[in-house]
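Trainee: Chain order of the listed sequences is F and H. Take the first sequence: its letter number 216 is residue 216 in this note's numbering, and every next letter is one higher. Take the second sequence: its letter number 292 is residue 292 in this note's numbering, and every next letter is one higher.
No lab work stands behind these hints, which were simulated from the structure alone. The model shown is predicted, which means the values in this text are computed figures rather than measured ones. Don't take every hint at face value.
Unchecked claim - Simulated coverage check for chain H against chain F, where a stretch passes if three residues somewhere in it have a Cβ under 8 Å from a Cβ of chain F:
id : stretch
1  : 238-244
2  : 393-401
As the list claims (entries may be wrong) - Quick list of the computed label-pair ranges, beta carbon to beta carbon:
id : chain 1 : residue 1 : chain 2 : residue 2 : range
3  : H       : LEU195    : F       : SER44     : 52 to 60 Å
4  : F       : ALA63     : H       : LEU195    : 38 to 46 Å
5  : H       : LYS296    : F       : LEU291    : 32 to 40 Å
6  : H       : THR459    : F       : ILE458    : 34 to 42 Å
7  : H       : ASN157    : F       : SER44     : 40 to 48 Å
8  : H       : LYS296    : F       : GLU465    : 49 to 57 Å
9  : H       : LYS296    : F       : PRO434    : 29 to 37 Å
10 : F       : SER357    : H       : GLN480    : 52 to 60 Å
11 : F       : LEU442    : H       : MET293    : 51 to 59 Å
Heads up, the beta-carbon is just placed ideally off N, CA and C, and yes, glycines get one too.
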Amino acid sequence: MNELAQALKPFILFAPEVGLSFILILHLLFDLFKKIEPKSFVRSCVLGMILLFVILWLVWPCAGVSLSSMFQLDPLAIFFKGIFVLSAIATLLMAQEFSQKLDNRFNDFCLILLTATLGSFFLVSSNDLITLFISIEWITISFYILTAYLKNDSFSLEAGVKYLIIGAFSSALFLYGISFVYGAFGSVFFADIKTALATGSNSLFTIGFFLILAGIGFKIAMFPFQLWVPDVYEGAPTPATAFLSITSKTAGFAALLKILFLMTGVESINWSSLLLLLSPVTLIYGNLAALRQTNMKRLFAYSSVAHVGYLLMGIATATKLGIEAVLYYLAVYALANSAAFLVIVISNRELKSGDISAYRGLAKKSPFLSGVFFVALLSLGGIPPLAGFFAKFLIFRAVILKGYLWLALIGAANVIISLYYYLSIVKEMYFKQPTSKDEIELSGGIKIFLLCLTVGIIFLGVIQEPFLNLIHISSSVLFLR
Amino acid sequence: MLNLLVPALSLLPLLGAGIILILPPKRHSEIRKTAVLTTFLTLVFSLILFLKFDSSVRLFQFVTYVPWISSMGISFHMGLDGIGIVMVLLHAILSFTGAVVSRSINQNVKLYFVFYLLLVSSIFGVFTSLDLFFLYLFYEMSVIPLYPLIGIWGSQNREYASMKLTLYISLGAVLALVGLLSIYFTSGLQTFDLLILQKAAFPTQFQIWCAPLMIFGFGVIASLWPLHSWSPIGYAAAPTPVSMLHAGVLKKMGIFLIIRIVMTLLPEGAKFWLPVVAVLCVINILYGAWAAMAQKDMKFIIGFASVSHMGYAFLGMACLNELGLTGTVFFMFAHGIMAALCFALIGFIYDQTHTRMVPDLGGLAKQIPFISVCFVIVAFASSGLPGFANFVSEILIFFAAWDHYRWQTILAILGIVITATYMLRMIRDVFFGPLKPEWTKIEDAKGFWGKLPYGLLVTVLLIFGIWPALLLNMIRPTTQALINSHLSVYQAANQNFVSNPS
């Protein structure tokens, strides 16, 4: 039995990737030979993703390296893959609700979406800079297509071009940085670089490190690399926007954690103080800019920048508590954003407008939809007993433990600013009378999924311990000596 | 078994909210009955706890303890002391009467009662939690239902008022959260448990910078000057039952939490900052009363009056002695009942006449004698006339403050005169004089359910005015223990100073 397990081990390590590739190829082939309706296409994709979730559940907490140690499966990678699967399911359902605009090219949209998910699977399992770079490119190229998917919509094309230019620029920075790092130590493996750093840093490496950091900074929309976010978020098809704000951002943070903790460590380069400076700036910029937005997607673009600020705060502490907080935050953010964007996709279609003012009286048109949105918004705002509160609580806890009281106070004040614009949406939905009377009908599948997300948001805010234990195991990967 | 009633106080309204969420939105009467029944049950539970409470014991009673997140030292820890039981009783009475008064809410009834019961549940949680994490959780949870409750069912200026109120109180809450987390780490005990944290000795320097975060953070909800400006606007906009709960209980939460957290955990910080509060609270008293004089809208008058009255509670607390603290807790109870009754009566008049402006009304006593009598009683109570619970508590506070804060006390007593002026003037203009012709058709409160909320509150006010010992005996052992622990800390600090003068 043991021998069998030993023989199967490499396959177990690849199980999630193999599973996803299988789903992808199967659907691609089917799509070639037979025209499938969007609804059944999405249904079978979602079913596949749920199976994938089960696979992830089964391999947890397996760990090991393969492909001459270029590929590594560990609890942290499984954790991130879980978030990606959730995000993919949510985005597939959004795409289904969005299918009118995508018409006959709908199935391709879903396939590219799954491709990007596969890329992010490899990203979180990468163990060296080259694999990391290739997977980042993999994701980014998928997004070039997704953001520009609406061929006849100039906004979408504009968003695609902007994302292309910015993406290419950041990739170039990233690659340039890798060349410096390789020049400094003659290796691209995280572990080798960290060992070499222990004997002393050099200026070549420092230049390379900051170039890589800038490259990732674009992906996660860290200040001062956040300027592309509002236009791309607004112009892209809404499912692509959601996918950008969840999968792409989470993958970016996974890459950041790998670079900062697996490759560098706190001792050799003091990146902590740089992030300490950038996190409040990112936070305040995102929140202040979000205050005056009238377009829902634009508001979410800026608020997602603000959330990056909170996440960077957690990373800046460079402690295990901080990283645990970041992981909790990312998971909760994915849950709440999935719910929120699903609501946005459906309401934008029904209300025929993306303006916040179009949401007036949504509570009358669909109490269920606005109820879910209410919970998601309050969770993003950080109101107990919802999960978003506990995530922010963990961040503040880590920050105060490190002694950065000023940072915690800035973070606390920003909760109030964000509460203002989140509550303004609630105001439109609940306080105002609708202009028309038509009610919004929802399909059963969407209702069940939204209900699951809502229950998840409340559950993670009230019964935190099981998930905390899971994160405790995941985050320890970054702190192995 | 009795200890299970304490978490049940919070869980029962949640359950009620859940049931209402399932009920179809058109079935108004079932929804109302569920809400009234739930709040009635919590009232029964509170009365049982009140009667079974052993006032000779100084420890927390009816304690429930469930470890929640052991790695972070968070536990679901609930229990009651002499202060907690009084506040729970106050809240139970008001949430029941509030649910009965909610008959005037006619649109979107289902959603209203869901939010109302969430509010009720979280306030019970604040008064019973002995774990700082859950305490904060319930505190912030109580702020959020207020936003839709005021915004959807409110009257004039509701959007602005609800946003302002929510943001102000939340800002105070997050400031307090930073303070709470600092306490958690500075103690070095890795626990949020209030009873364990009490044993930790915090450095004086830490206490002095941490205490204001919480005194002013929680002071926002108790409308401490200059953080009060959300309050009159919020009350004016809120629907009647929400104004009742807000003025009656929510404001008291601020002072309750300062007593429970700052005074027990950070005694030196309290000693340092409470004299500042004693000055601010006099501004509260005089400014609030002065502003109330100038108002025409009855809700604004009572709104400013409650800002003014909270000053007395702060003054009693700032004395840092047993008498003052006992007076404060008793005052919070008395004022809670009185303020809620005021808002309930104004709400009744508004439902009949659709105006709250004093000059528009007049001579209503002929038309609605029951309501008028209640209003006159409440005005007397508000002005601190003997025979009412308010009088007893105010006297206690003045006695306590006389030695510490002479000038503040004199000015505070002046505040009572102003209060009497505007209350009596309002009584005269609204209830007496010639009856205006447009009000000849309005009707008095009728039937058992119609009169119950007002009658109940007046009765409570009179019972505790005539027999204050009933409550005072419950409060005193707790306040005594609290002040004694203060003294012992202070003496210990002095002894240390004597033994190591360096």
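Trainee: Against the range 34 to 42 Å, how does the distance between the Cβ atoms of THR459 (chain H) and ILE458 (chain F) compare: consistent or not?
Mentor: holds, 40 Å
Trainee: Is 38 to 46 Å right for how far apart the beta carbons of ALA63 (chain F) and LEU195 (chain H) are?
Mentor: 41 Å Cβ-Cβ, so the 38 to 46 Å window holds.
Trainee: Does 40 to 48 Å hold as the CB distance between ASN157 (chain H) and SER44 (chain F), or does it fail?
Mentor: violated, 53 Å
Trainee: When you take the CB atoms of SER357 (chain F) and GLN480 (chain H), is the distance between them in 52 to 60 Å?
Mentor: Between SER357 (chain F) and GLN480 (chain H), where Cβ atoms are some 58 Å apart, the hint holds.
Trainee: Counting residues of the stretch 393-401 of chain H with a beta carbon closer than 8 Å to any beta carbon of chain F, are there 3 or more?
Mentor: violated (count 0)
Trainee: How does the Cβ-Cβ distance of LEU442 (chain F) and MET293 (chain H) compare with 51 to 59 Å: does it lie in that range?
Mentor: holds, 55 Å
Trainee: Can you tell me if the stretch 238-244 of chain H counts as covered by chain F, using C-beta to C-beta distances under 8 Å and a minimum of three residues?
Mentor: violated (count 0)
Trainee: Taking the beta carbons of LYS296 (chain H) and GLU465 (chain F), is their distance inside 49 to 57 Å?
Mentor: holds, 55 Å
Trainee: Honestly, do LYS296 (chain H) and LEU291 (chain F) meet the 32 to 40 Å range at C-beta?
Mentor: holds, 35 Å
Trainee: Confirm or reject the claim that LYS296 (chain H) and PRO434 (chain F) have a C-beta distance inside 29 to 37 Å.
Mentor: Holds, at about 35 Å.
Trainee: Evaluate the given range 52 to 60 Å for the C-beta pair formed by LEU195 (chain H) and SER44 (chain F).
Mentor: holds, 56 Å
Violated hints for the displayed structure, listed by number in ascending order: 1, 2 and 7.
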